[in-house]
Amino acid sequence: MPAREEYWRRTRRLTLMLLVVWVLVTYVVSWFARDLNSVVVLGFPLGFYMAAQGSLFVYVAIVWYYCRAMNRLDGEFKVDGN
Amino acid sequence: MSFRMTRLHRYYGLYTAGFVLLVIALAVLEEHGMPARWIGYAFLFFTIAMYAFIGIMSRTSDVSEYYVAGRRIPAMFNGMATGADWMSAASFIGLAGTLYLSGYQGLAYVLGWTGGFVLVALLLAPYLRRFGEYTIPDFLGARYGGNTVRLVGVAAAILASFVYVVAQIYGVGVITSRFVSLQFEIGVFVGLAGILVCSFLGGMRAVTWTQVAQYVILIIAYITPVAILSYKVTGVPVPQLVYGQVLQEVTRLENKLFDLPQEVEARHLFQVRAEMYAEKIVRLPHSLNEERQVLAERINQLKASDAQMKDIVAVERQRRDLPHDVDQARIRWESLMFASAARASPPTHHAEAFPADSPDKRWQLQVNFLTLVFCLTIGTAALPHVLMRYYTTPTVKEARDSVFWSLCFILLLYVTAPAYAVFAKYEVFTHLAEIPIAKLPGWVAAWGKVGLITIEDINGDGILQLAELTLNPDVIVLATPEIAGMPYVISGLVAAGALAAALSTADGLLLTIAGSLSHDVYYRIMQPQASAQLRLVISKSVLLLTAVLAAMLAAQKPGTILSMVAWAFSIAASAFFPALVLGIFWKRANRQGAVAGMLVGLCLTLYYLVRVEFDSIPWLGIGGLQMEPWFGIQSTSAGVFGVVAGAATIVLVSLATSAPPLEIQQFVERIRSARPRR
Numbered sequence: 001m002p003a004r005e006e007y008w009r010r011t012r013r014l015t016l017m018l019l020v021v022w023v024l025v026t027y028v029v030s031w032f033a034r035d036l037n038s039v040v041v042l043g044f045p046l047g048f049y050m051a052a053q054g055s056l057f058v059y060v061a062i063v064w065y066y067c068r069a070m071n072r073l074d075g076e077f078k079v080d081g082n
Numbered sequence: 001m002s003f004r005m006t007r008l009h010r011y012y013g014l015y016t017a018g019f020v021l022l023v024i025a026l027a028v029l030e031e032h033g034m035p036a037r038w039i040g041y042a043f044l045f046f047t048i049a050m051y052a053f054i055g056i057m058s059r060t061s062d063v064s065e066y067y068v069a070g071r072r073i074p075a076m077f078n079g080m081a082t083g084a085d086w087m088s089a090a091s092f093i094g095l096a097g098t099l100y101l102s103g104y105q106g107l108a109y110v111l112g113w114t115g116g117f118v119l120v121a122l123l124l125a126p127y128l129r130r131f132g133e134y135t136i137p138d139f140l141g142a143r144y145g146g147n148t149v150r151l152v153g154v155a156a157a158i159l160a161s162f163v164y165v166v167a168q169i170y171g172v173g174v175i176t177s178r179f180v181s182l183q184f185e186i187g188v189f190v191g192l193a194g195i196l197v198c199s200f201l202g203g204m205r206a207v208t209w210t211q212v213a214q215y216v217i218l219i220i221a222y223i224t225p226v227a228i229l230s231y232k233v234t235g236v237p238v239p240q241l242v243y244g245q246v247l248q249e250v251t252r253l254e255n256k257l258f259d260l261p262q263e264v265e266a267r268h269l270f271q272v273r274a275e276m277y278a279e280k281i282v283r284l285p286h287s288l289n290e291e292r293q294v295l296a297e298r299i300n301q302l303k304a305s306d307a308q309m310k311d312i313v314a315v316e317r318q319r320r321d322l323p324h325d326v327d328q329a330r331i332r333w334e335s336l337m338f339a340s341a342a343r344a345s346p347p348t349h350h351a352e353a354f355p356a357d358s359p360d361k362r363w364q365l366q367v368n369f370l371t372l373v374f375c376l377t378i379g380t381a382a383l384p385h386v387l388m389r390y391y392t393t394p395t396v397k398e399a400r401d402s403v404f405w406s407l408c409f410i411l412l413l414y415v416t417a418p419a420y421a422v423f424a425k426y427e428v429f430t431h432l433a434e435i436p437i438a439k440l441p442g443w444v445a446a447w448g449k450v451g452l453i454t455i456e457d458i459n460g461d462g463i464l465q466l467a468e469l470t471l472n473p474d475v476i477v478l479a480t481p482e483i484a485g486m487p488y489v490i491s492g493l494v495a496a497g498a499l500a501a502a503l504s505t506a507d508g509l510l511l512t513i514a515g516s517l518s519h520d521v522y523y524r525i526m527q528p529q530a531s532a533q534l535r536l537v538i539s540k541s542v543l544l545l546t547a548v549l550a551a552m553l554a555a556q557k558p559g560t561i562l563s564m565v566a567w568a569f570s571i572a573a574s575a576f577f578p579a580l581v582l583g584i585f586w587k588r589a590n591r592q593g594a595v596a597g598m599l600v601g602l603c604l605t606l607y608y609l610v611r612v613e614f615d616s617i618p619w620l621g622i623g624g625l626q627m628e629p630w631f632g633i634q635s636t637s638a639g640v641f642g643v644v645a646g647a648a649t650i651v652l653v654s655l656a657t658s659a660p661p662l663e664i665q666q667f668v669e670r671i672r673s674a675r676p677r678r
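The listed protein sequences derive, respectively, from chains A and B.
Per this note's numbering, residue 1 is the first one in the first sequence, and the count goes up by one each step.
Per this note's numbering, residue 1 is the first one in the second sequence, and the count goes up by one each step.
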């Protein structure tokens, strides 16, 4: 497989994987917020905590991981991040 | 994401230190009797002078500098600039209040406005940067070919941005008139000057460096008051960490307060009043005539019994203040009815998700929460003034990193906003609820005077029930310094922060509008041979014109325009998101599909918005528009239909027509894979 296609295939797989995490954290967690609220973390009901802080930290982690993985991919395929 | 100390870091470090010193100096001066008004002036003058200084230092007459800051903005600074660009007057002043009023439901905004940046990072920013031109319609034009798709893009960009810019300038007017007691209209034009000193002289380059400076002020101003309040309440100055415990206390107080007999009674009295208005509206026009007659009779009685003149005058004024005709009566009584009904409705627990008394209604709330989050995330990832910022980094790698930094800087504010709401609620429950009205803290009366707090002792017991208190959402952030008993200098700081938030967003939006009109319409479509110099002249003229037009509109205090701001997300989402993302990830998408999809998405969203929100459009002579919302989804989430229909249209129409030409397919390959374009 040409390098270019392999690069794109792996970018796509990474993107898809992270998008699934994003959907879980944003939509699935919110849908079950009522049930999650019965658990208490740091004084917060969990459903409330996720929407106010928890999910936001997961977003940062997703973007951070994406940057790191893409930089590695760039290195592997010897491109200069351009 | 490496961190190197550069000259830029030193400059902005010094700048931040200088700003903190300014705040301290003003605090000391206030101790020595400097009047509050002068502190307001000092903040207004020093911050705008600073922005003007940066604007003049970065003035430019180079096209690339003007549109994309010469693509030399390092990732972290671009992140900060995006933060300021993104966080508007509404985020700064309004969000905490929305969270106060709607508890868990309001968190849809927190989730949506941060979650959208994940989509920006994964689906858009790196590819737009690799494409590396100037505007978002530029990308659409290059990817799909032809001027139609570019023009549709320009129209959508202006539609989403112009209303938004009017709201920012309006915000500047409100802030200056409230804190510096300038007249509202003068405040609007002071704001206009503050915006133009940057964007007019130096375009994107000046706006970027000013936005970095504005971010610093904005975030200091947002966090300081609530940190001090948190320290006073819990002993820990990190509100984001400790408000969980305060939330538990709030829940305990809610359980104690909500069902007190006097609370129930107050709510019942408001319910009775709402029903009275409802009955009056049904009986129009008779009810209005009756009311006139009753007052006329009373005046005659008073006159006959030779009562005091001032009593007669008072009743006559009542008669004069009656609605003049049936339409006016209906509008006025409806709003009174809704206000009373709102006060009569049983309060909800702050942390409770989807509070409802039947599974049906709960399902409705869940669906509306999720669709709103959907529209806000997709809209965030489609607003041109944000996406444009990722053209300004030196490389694709830095574009990716800069989304990470953007999200971090934005997060600081959005993680703090729910803490504001909870602390404010705690203060209200402990120091306002069930307290004799004569003994309420001073800030209640102070903000009552400007109409942001209303109190009505409906059951006449001289004690404040929760149902008798109405807070305007804006008051939460604006009054927190006083709630925590801080000196005026902190209020001035908050005003400076709010001003920074409004100005920075307005700058970004103006550049988007001017760029779309001058670059896409004039240069790309009308005059491709235009010289660089002429293009800049056109761009600056358009910018000036747009800014003045927006300021003139804002000076009219247009209520409907302000409520339309929430729509910008749905409009941008349905017009841009499917065309941009499919354009990158689906090679088969072609011009016909994109044009049809963008139009279908945009028109469906507008159709839904208008028909759910309005019953008639007087200046078009259309009436009887109102329709039942589909699946009970509110108009702010209209984009959910537009995005889905737009994406489906692009796919169907593209498949029904021929594949895009080879050079377009090569273009897609090029923006996907990591190979230098040049």
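No wet-lab data here; the hints were simulated from the structure.
Since the structure is predicted, the reported quantities are computational estimates derived from the model, not experimental observations.
Watch out, some of these pointers could steer you wrong.
[As the list claims (entries may be wrong)] One side of the interface only, derived from the structure: several residues of chain A facing chain B at Cβ under 8 Å: (1) W8; (2) R34; (3) N37; (4) S38; (5) F44; (6) A61; (7) A69.
Glycine included, C-beta positions come from ideal geometry on N, C-alpha and C.
Quick rundown of the hints versus the structure:
1. Interface hint status for W8(A): upheld, as the beta-carbon distance to the closest one in chain B is roughly 5 Å, under 8 Å.
2. Nearest Cβ of chain B to the Cβ of R34(A): about 5 Å, under the 8 Å cut. The hint holds.
3. Taking 8 Å as the C-beta contact cut-off toward chain B, the hint placing N37(A) at the interface holds, the least distance being around 6 Å.
4. Against a cut-off of 8 Å between C-beta atoms, the interface hint on S38(A) is violated, since the closest Cβ of chain B lies about 11 Å away.
5. Residue-level restraint check for F44(A) holds (minimum Cβ-Cβ distance to chain B is 4 Å; threshold 8 Å).
6. With a least beta-carbon distance of about 10 Å to chain B, the hint placing A61(A) at the interface is violated under the 8 Å criterion.
7. Hint status for A69(A): violated, given a least beta-carbon distance of 10 Å to chain B, over 8 Å.
In this structure, the hints that do not hold are numbers 4, 6 and 7, in rising order.
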